[in-house]
Structure formats: structure tokens, C-alpha cells
Amino acid sequence: MISVMQAKRRYLLVFFVAFLTIWYFGGYELRHKPIAPFNIEQLPSYVNLDSVETGYTIGRDRRAIQNDAKIHCRMETCFDFSKCETDFKVYVYPLEESNVPSPSYQKLLNVLLESRYYTQDPKKACLFVLSIDTLDRDRLSNDYIRNMQTKIQRLPYWNDGTNHIIFNLYSGTWPNYTENNLDFDYGKAILAKASMSEDHMRPGFDISIPLFHKIHPEKGGDPGSLSANSYPLEKTYLLAFKGKRYVYGIGSDTRNSLYHLHNHKDMIMVTTCRHGKSWKDRKDERCDEDNKEYDRYEYETLLKNSTFCLVPRGRRLGSFRFLEALQAGCIPVLLSNGWVLPFSEVIDWNKAVVWADERLLLQVPHIIRSISLSKILQLRQQTQVLWDRYFSSIEKIVYTTLEIIRDKLPKKQKRDGVIWNSFPGALVTLPTFSDSLQDFPFHVKSGKDEFTAVIYCELGIPLSTTSTLFKLVNYLGKSKYVSKILIVWSNEKRPPNKSRWPNLPIHIPLHIIETGSGMESKSSISQRFYPHKEITTDTVLSLDEDTVLTTEEIDFAFIVWKEFPDRIVGYPGRSHYWDDSKSTWGYTSKWTNDYSIVLTGAAFYHHYYNYLYTEWLSPLLHKTVEQSGNCEDILMNFLVSHVTRRPPLKVTQRKQYKEQPSAGSWSPWNDPDHFIQRQTCLNTFAAVFGYMPLLRSNLRLDPVLFKDSVSNKRKKYRRIEAVGS
Amino acid sequence: MTLPPKVTISKIQHSFTSNLKYKHFFLGLLFISTIIILSLPFINFSNDPLKHFEKINLNNVHKLVEVKLSLEEPSRSPRDLKCTHWDCFNIYNCGRTGHDRIAVYVYPLRKYVDANGVPVTESISKEYYQLLKAIVSSKYYTSNPEEACIYVPSIDTLNEERILLNFTSQALNQLPYWSNGENHLIFNLVSGRAPDFSTVVPLDVGRALVAGADFDSFSFRYGFDVAMPAYSPLAATMGQIRNVHFKRFRKVISSQLNIDPYYLDVLQSLKASHPQELLLLDACHPHRYVTRCDVIEATHHRYPDVLTSATFCLMFRGERRGQYVLLEAMAANCIPVIVMDAYVMPFENVIDWKRVAIFIMESQLSSLMDVLSGVSEKKVGEMRESLKFLYDTYFSSMEKIVLTALDVIQDRVYPHRAKTYDEWNMLPKEVNYNPLFYPSTAVRSNGFTAVILTYDRVQSLFLLIERLSKVPSLMKIVVVWNNQKKNPPPMSEFPKIAKPINVIKTKANKLSNRFYPYPEIETEAILHIDDDIVMLTSDEVEFAFEVWREFPDRIVGFPSRMHVWNNVTNSWGYESEWLNEISMVLTGAAFLHKYWSYLYTNALPSNIRDWVDEEMNCEDIAMNFLVANITNKPPIKVTPRKKFKCPECTNNEMLSADKGHMEARSNCVDRFAKIFGRMPLNSVEFRADPVLFKDAFPEKLKRFNNIGSL
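Keeping their order, the protein sequence lines are chains A and B.
Those letters in the first sequence? Residues 1 to 725, per our numbering, in order.
Those letters in the second sequence? Residues 1 to 710, per our numbering, in order.
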């Protein structure tokens, strides 16, 4: 009886529990099941494609896009492309004596005048640059130029500013600092301006440039100061800021509230109210305390010892500290709502800076602490890449501005963001060379196992079957990788008849290019590195007519080059050094423990450098080489090191790469003047580049088993050992 | 005698009742716990505001709550052209969920009727339904309007032609969280009506963000609106293009229907000069979207299939800017040629259209064929590959398009989490993953830290420490004591050297300990060295450091090895013979950047690390695989080969000599290659020597002269 009761109860309970479960799991679903099954296919499409209009309803005339005032300028509406059809040249108005530009603007003009963009002929110009200083348009400033409007109107090619670029760092004045107030009507001119905001920038038309200091170098520029890729990065401070605050007026809110973030430990936010004449009149209750704290920290120290640097807006959106932080490798944290970062149409700043929102100031610590260590490693390196490629000198800033405009022109090849945002950057990656990244030495490893040998003959050494040149051609013919031999003949004497040249395997053609015979007006020495259309391989082996190299050496150097396609890889190493007593650069061919130049008498390099050498180098440099008839090999080394920031590579032991000239015969190499000339070149090049790009290396590359105590039979490159030095 | 049974009974009874009590107790317990378990979610919910908010129901399209609209209410505001992210977007609405992700709320579906009960909005379209569904099932969705950062009305505004502007404006304005459109996102893919064709739907959206397909650079609020593609229902039905390298027999097709007659004229003359390369299509009679007729020959073509026959597909500014042909061309892997001044391309702020499209200014249309013939074969291949990648990733369905739009807003609201250019645009194979990408020579004065892994060879360890102390650039020695059974000798017994020595006692005898990024290591360069490598001269170590400085992202060291493919066993093997090539440098004596130690500890596939620790072998091979897999660069061997044996040690053969050892190493190479899914190692035929190595030159003048002696 009891057990029956118990069983009943048990069943009841089980039933109850089951009911609860079903109610819980099933019922929930049941209550929400739609009554009718729903099928998305029953819904109509948002558009009936069959009813898309087939005719055009608006007249025969092409509807022009909106085109009213200057605030609506776009490249399509305000720019005259017909001026840029043939070439991309810049005209600079002649300097008037009455207008002395500020040092910064003078540097900017110098850069343009020396550049390959410059033309004296306004008819050939695509772009026009004023000689009147427009950098500072703050009425209260010393550099402010009055009566700008009338001066502009007087310009012969002004045409409401069409195709003109106006460079500007400061606009507006106290107290409002109105951004687009330049105190003159710039009309359809392109503004290249610092501190631009999203509100005023004409999209795709104006260009935001960085605010740079009066002492910003004209050319060259210091490298970034990141000295180690430490991981994890352990700096004294996480985030730092030291600067003025304005207490009142436009843009002061952000800096005035920075003290909230100051924690005396890893977040250092120090401000001062001391600036201007009458700061005491306006000071607030925090000023005295702030000033005291401010004096406890040094700006440079903070910059060096902080992982992140706060870059808040000042009166204007941009500030000097942006570039300073970038150079220091201190990751900028931006508090400047609406600021269009410099060159942001091409540079992806997400790879180098951290954006914060002025409205969320108090979240900055949280945001920064959430950034991973490896992201920090990336951001820091990218600050250095960008600084080094686009910002470290006025030259780079101006060139970048021009190249951005160039990329917008129709019919011109365009660079994509990959080129702009990775090393070596857009300024040295000429899209006219090729539209495919694979053709450049930087991004992909060279594919094909072949090279073109270019032998430069200027001496006119009498040729016989035993002469060095023929021996060289013979050795070349035996290389596994040679696909063509090109003789650049630069001598009054005619080159020997084709039939007299050594017999080459059938698949290796031999071309002779005579530079004397009415080719381009280029002088002969420039022909050496001219990107001849006969060169169809990525790789060039550059040789002199008296170079001595064995087949094995050629093949080994080529194998090494394939691993370093962006560098010069070759045999004759040379060095530069700083001569303190004379305060000049010295050049030496003596045997030293390091080298910074590999002469192109026996060196592999990428064909692209021929193009860059010919098309990109400043006309001044070409002139130096042509006038001296010398130094082209040094210039090539300057160029490649400037582009890659890497030293060249020397392979194996050989240093003597030339036939020793017989006594009495003339060779430039035993001419003492020749040597002095090279030293002069070195200094001229360094001056034109604005710095010394050459870098030293301590190592050379040998075959793996070079001079190892192992049977010679095992060695792939056994004959190289016999060559000696 | 009678007592016992009584007792028994009572006992029984007692035990029975106690038994019953037990059962009752347990059943009660079961009952109570069941109730507790069942109500747990509710208890949890009641602490969570989500309880009150149910996921929006999208399945009741046919049975919606009606909302009456009357047109009397004034005070509505048109779209604010001056809006920017900084002043119209309420950032404080975001981040209320506690994670760095925008929360998107979708209003429930409603049926809007006028005062007479006549519906004033058309039924939701398939595309808008898909769009809402995509949002609701995305990671961004929230059912709680109180914590939402972005609000999406469920009123279908995709096509201006399907809506009554004033009623829709009013419907939007009376949404509960509208507040002049702040943080609301309005989707509109077809805007404007004849004859003006405004580029934005003229609804009273106030400060709302507009995700539209017809923007020009005048109406687009940069950094605020989102530019969308004009979605073509047809594109989504097209098959996948598998081979992007298959050459196409037509150069360029113009298939757009409502082309401005001005362009038609130019196209006709281009056709005359390039009859083979250009195909001009227009509508047939009677018109159906899926058939097109050749303007000249009047032949029929199936659309959009015909697009797969051409390399380039033209797209013009029509009455509207958003053209369906863009997505149709992309689906057909046909490179879009955009002839549309001041057009804002879809997702222009994140997608680099220069990589996948050709832009021609309207006034330059006559140069079309010249521009196209200037594009190299290689470039066409690259563009088509990227095009397929972008289309498949961001455009191939309504769902992907709307999620991309939300990603764009996400990146804007949380810029410190934003994806970079590379992540948005580059094919995975194109991305340079090298974490040490800045090309610079490391600074000599920073020096290096020597990390010595040791077990119990104290004598050899001390000898090594003494030798290392003579290397000029040495900063510090870190001894990793891997023997748990024995304590390291006291510091007083260590050789007295001028550089600091840190001894680290490990918790387990694991080989991976050698690559642990100990905080004691303060330099970026680490010399990993075994305690028995006492044969290296100071010059050799210093020189190797010099070489590492020039190649700071590579492994630079002394003993080298090769990987080889064994044709017989069909597997990878390991070779330590004297070969002309190297692909590995053993970490028994090698310089590495400290970052690789982090990566080894934190990012090496765990099955490799576990294998290494179990087998007590191959940690060096694993490191070579790790570095090569990321950088695709081979290591660099320094100076001639030495006999890496320690004559004093008797047990040194223990690890390296026995025959089984080689087999085990081969096994590792093969196993790691399988785990990585490829063979990342690359081989080179060179090594690095000092510039004056073996030169007939006074030894005194050589910076490194004690090189290669045994």
C-alpha cells in the first residue's frame, strides 16, 4: 500500500519534472513559432531589374557635375589636365626682390628649383608654385605678407589659381584661428596646408601636409631615432606630454583637462600656462601647480623614454610634436578631432599612430594599455618608415605632395597603398617603370634565373683574341645564367666587327650599342646605366671592358644576388670615411675591414636601378658625372643605399678585378687626378643628397665550403678558391 | 524470546520510515534542485538587463503591429550636410556594453498605415530583410536599445522609388530612440527620382548616418556616411570564377543600359577604331535585364554571363551613380573601368580601388583604349586576383556588404582597434608578416646577451663563461640551469668576469626553456649557446654579432644543416654532412632577435613545442621552421665549419652522435613540415666571412683575425 502510494508519488513527481522540462525547453520555442511558415522568397526584391530604364532621359548634353564656388573644387572641375599631358613639370615664379621669403619657404623653393620636376618654361608646366611666401598667413606673425590679394592678381599665369599649389602652415589668427582664412582668395589653387580639418578640406583636391619647424632640414634629414627593436618595449613612461596650454579660447579644452591623466608614474602630462606676454592675467587656479610640475620634466627625455606620446590639438589641429614624436619612434596618440593627418589620402596612419577621441579623454589610458606588445613593435617601426620616407626633410614633404598630385592625373600610372605604406616607399618607386610590383626589386624575390651582362667599353684597348674583353666574353658565355651580352661602346674607335667577337653559344645573343652614333643627346657615361630596351631581364651584371672574372665567380655572385635583389652584389669593395682634419668625406680603395661601395665594374644589381638612375636622380648629379666623366659607379652606390638604407654586398675574396695595366699605358685607374676627382664627387653627391647615404658592412659572402678542410670534390665552387684576392 | 521480533519490527519500521524519510528527503532535494536549476537562467536574467529584451523576431512579416501615421506633425529636420563623426555622432552611446565593439539595435518590424488604415510603406524587400537578418545574427547585434551604439530602423528605405518620402520620414521620426537621427543608420541603395536624381534619398534623416550607393563627393559626408555598392540581386546568383588567370578573348565590354548619349557617341567612335576589342551592348526589344544586344550587329548575349568574356567592364555615370554593373562585373571577375567623375566608390575609406579598377575621367573617355592597352598582362593578373579576393570578402552577398558597412563604422568608433590597409586590401599571400620589417642595422653599442642552457657540465660552463667574457659586445650572461635535481654552484664559484651573470633555475628540464624570453634579457640580440661550445674564439663570436646586426631578423650562427627530400621514403630528412647549401643554423651557437623567443614561447604550434619537450630534441629545428615560416628568409651561417665537439666532454656524443639521433632529427623535419603544412625552409649557398678573411694581409690590421682556426 505504502509502496503503491510511493510509486504514485514518484510517478507524479517524474511527470511533474518532465512537464517542467518540456515547458522550459519546448514551450519557449512553441510560444514563439510563427503561425504560418515564413519564406524569404515570398518577399519582393528591392528593385525590379527588368524595369531599369533603358533610355537616357536627360537631353543629349553630358550633365556636368556640380561646379560652383571654390569650396566645391575637385580635380575634375578645377584642374586643367591639358597642361600635364606630356610631362609633370613644376614652374616656380621668379623671386621678386621686394618679397624675401622666410627661411622655410626659401628652402622649399630651393628644393623645387633643384628637382627633376622643375621647368623654367611656364608653357611646359603642369603645376605652378608662387615665389611669394604663403607659409604663414597669421596676421600677427612677422612672416605675414601684406596685400597678398593684389600680388596674386598680378601673377601672369594665375587664372583664378588653376594648377597652382599654395603651401601653407598657419592660417587664421587670434582669437578664432579660422582654418580657411588665408587672407586672400586662393580660388581654384590646390592647398597644401598643415592642420587641415575634414570640414574644410576639398576631398581629393587639397593636400594635408605636416607642420614643420623652421630648422627642418632642406634635404637629407636625420634618420629616425629608434635604436633598438626591443621586445617587449620597456620604457620609463607609457604616455607622455609636455606643452603649453591656453587656459582660454579655441582648442584649450583638451589641453586644459590633460591633468586628469597625469599620474606621476607612467603617464606624464605636464602643461604650463606661461606663454605670451599676459599669461598671468588669464591664469587659472591650476597654473601655479602645473608650472611647477612642468619644470620637473624635460621634453627630450620624455620623448626618448616614453612608448606613446600624446599629440593633442593646440590652437590649430596640428602641432610640431607630431613630427617630433614620429622621428623619436614615440607612437603618437592623437587627440585632435577632425584633423586630416598629413598625406592621409595615401598613408594608412592606422599602421603608425593611435587615434583617440577628444570627447573620450579619460579613456585614453584604457585604450593605450589595451594595445598589444606586438602591435607596439609594429607601430614603432612604421613611425620610422614613414618618417624616413616622407617627412624627414622639406624635400621629401614637397616631393610627396607633388607625387600625390601626379597620382591623380589621368593617363598616369598610379601607385597603390602597398607601395605608399611599405619600405622603400612611393618616392623611389616610379610607376612609370612598371605597373606591377613584381617588376621592382623590393617586394617579391626575382623569379627567373637569368641576367643580362652589360660591358661598358670606354678605353678602346686594342682588341685581340687574347685581350681581357674577349676573355671576359668567353667566360660569360660559359655561365649558366647569362641570357644576353650587351656591349655599350663608348669610344671614338669603331667596335670590332661582329665576326671578330668570340663565338658564343647560340642562345646568348651579343648586342653592341654605340653611344657615339647619334643616340640620344645623353653623354656617353650616362649610357652605362641607361635602361636600354635590350635589357629584358630583371638582373643586370655590370662590367668594365678590363674586368677579370671567372665563370664560377659570375655564377656565384648571381646566386647571392638572387637572395638580395634590392642590393648591389659584386666584387670590388671600396670605402668612404670622414676626414676630420679636412672636414670632408674621403674615398679609399685600400684594403680595409669594411666597405661601403661595391664598384659596378663587376657587380649585379636590379634593372630597376638603371631606370631610377636615369629618370629619378637630380639633374645636378647627372651633371657632376658627365662633367667629370667619372664617378658614375659611386653615384649608383649612393642611389641604391639611399633607396634601401642597406649597404652593398661583397662576394668572395677577389678585390683586384682589373687587368693590371702594362707599364706606360694609360688607364684612368693609375691616374692620380682620377682618384682626387672621385673624392670630389663623393663630397658633391653627399651635398646634393643632403646627407651621406652610404652604409658600411663588415662581412663578405663566400661559398659555404670556402677554404674548408674538406675534399675539393665536395665543393661546388672550388675554382673560386684558386682566384685569391 | 518474543522481544527480538518486536525489536526487529520496530527496527524494520524504523528503518522503513527512515528509508522513506530518506527518499522523501532525496525526492525533495531533487525537486528543489530541479526548480533551482530551471530557474537559474531566470535568476541570472533578472540581474541582466537583457532579460527584458528579446531578440527581434523577423519571421512575422505577415502579422505586424500597425502604427498610424498622420502627416500633421511638423518640426522635422532634413539631412544635415555639415555632420561629421565628431559633432553629430554621439560617441557616449558606444561602449556601454563593456567591450570594444559597436552594439547595433534593430527596431522591431512594424506596419505603417495612414489615418484611414491604408498602408503607406511597401512590404519589406527581400534585400532589406537579408540585411536586417545579417545584422541580427552578427556579433554587433544587441537586443537592448539602452546599450546600443547604432540604431537601424526596420523601415525599408533601400529604394527611393518604393517609398513615400513624407510618410517614411515621419515613420523614422517617431521611432522611440530617434532624437533627430542621432546614431541611426539609414540604408539606401537607390536614390533620387527624375529629373534631378538627388544623390541621397531626401528623407528627413537629420543627423543620421546614411549608407548609400549614389553619393558623389559633394553630398558624401567624409568620415560620417558610408558608401555602399548598388546591390545587384543578379550578381549574387552568378557562379564563382575559379581561374583568374584564364585569358579572356574580349578586351572591354560596355553593357550599362542607361548610358548618357554623350558617352555613347564616344564609344561608337572607339568601336569604329577598335572593332575587335570593344563590345557595345544595349537593351534588346522587348527589354529583359538578362539579355543584351550588340549595338552594331544586333546579336543577343546572355547577361551577365557575357561579362565573363572580357578583361575590362565599363561603368558610367548614369542618372544615378550607383550602377548594378559594378557588382556584376566584379562577380564576373571583369576589371571595372569607372568613368564617373566625383563618384564615391563603395567603402572608399578602407578599400583601395586603385588595385582593382581603372579610373578614367569623363572628359578623357576617348583615351580609353590607350589607357587599357597600357595595362600590362602582369598587372591584369594581379588586379583580377585582388578583385576576386575583394569581391568574395566584402561584396558577394547582401550579408557581406552590410557587415562590411558595420565594420567600417566599428573601425571609426574604435580606431585603435581598426584594421590596417594590409588587412583590408591585401591577399593573405601578399602580406609581409615579418615582425621586424624596418630595414636597419642594429646598433652595435646595444650589445647582446648570451643565454647558456646547461644541465650539469659546470666545468665546461665556466670555461665558456670565461671565453665569452672576452667578447667586446657581450652585455650579460644568462645561465639557464635546467637541472632540478641539483642546485647550480654558488655565485662565488663562477668565474669572475666584468659582465653580469644571471642564473635562472627552471622548474622542469625542458629544452624549450632555452627560448623563454626571460626578463633578465635586456638586449634585442640573444646569443643562444650550448654549454659545451667552448671552441669559438672571441673574434668569431664578435664577428657573428656584426653579421647579425646587418640581418637582425634572421638566425645568424655557426653550425649549419640542410633539409633534404628523400625520394625513397617520400619524406623530408635532415642532413649534417658537408654540403654546399645550408637551410638551418643550429641554435647551439646562434644569434637571434629576442622577439623570436617570444614567438617560440607563445605562438609556436603547441604540438611542436610539446613534441620538442617530450623528445628532448629538435628545439633548434623548430626555431628554424618558425623564423623561416614567418620571414621566408634563410638563416646565415658565419665563418668556416668547425668541429663542434668538445674534446674534454665524454658524454657529448650522448646527444649528437648516435645513429638513432639522425633518424630522430629527420623525423622532426618531416613532422614539422607536416604541421606547418609546407616546407618553409629555404636554402642558400653562401656564408658570411670577415672582409679580409684569408687575405694575405697583416693579421694585426685585420679586425677579426682569429677566425676559422680549429
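Treat the hints with care, since some could be wrong.
[As the list claims (entries may be wrong)] A few chain B positions that, by computed beta-carbon distances, are all more than 12 Å from chain A:
{"#": "1", "residue": "S179"}
{"#": "2", "residue": "R242"}
{"#": "3", "residue": "D456"}
{"#": "4", "residue": "N617"}
[What the hints assert, rightly or not] Residues from chain B shown here face chain A by an in silico Cβ test under 8 Å; the list is partial:
{"#": "5", "residue": "V61"}
{"#": "6", "residue": "S125"}
{"#": "7", "residue": "S366"}
{"#": "8", "residue": "S367"}
{"#": "9", "residue": "F437"}
{"#": "10", "residue": "E581"}
{"#": "11", "residue": "G677"}
{"#": "12", "residue": "K694"}
It should be emphasised that the hints constitute simulated quantities derived from the structure, not laboratory data.
C-beta atoms are modelled at their ideal positions from N, C-alpha and C, and glycine is treated no differently.
Hints versus structure:
no.: 1; hint: S179; verdict: holds (17 Å)
no.: 2; hint: R242; verdict: holds (22 Å)
no.: 3; hint: D456; verdict: holds (32 Å)
no.: 4; hint: N617; verdict: holds (25 Å)
no.: 5; hint: V61; verdict: holds (6 Å)
no.: 6; hint: S125; verdict: holds (4 Å)
no.: 7; hint: S366; verdict: violated (11 Å)
no.: 8; hint: S367; verdict: holds (6 Å)
no.: 9; hint: F437; verdict: holds (6 Å)
no.: 10; hint: E581; verdict: holds (6 Å)
no.: 11; hint: G677; verdict: violated (21 Å)
no.: 12; hint: K694; verdict: holds (6 Å)
Hint compliance for this structure: hints 7, 11 are not met, and every other hint is.
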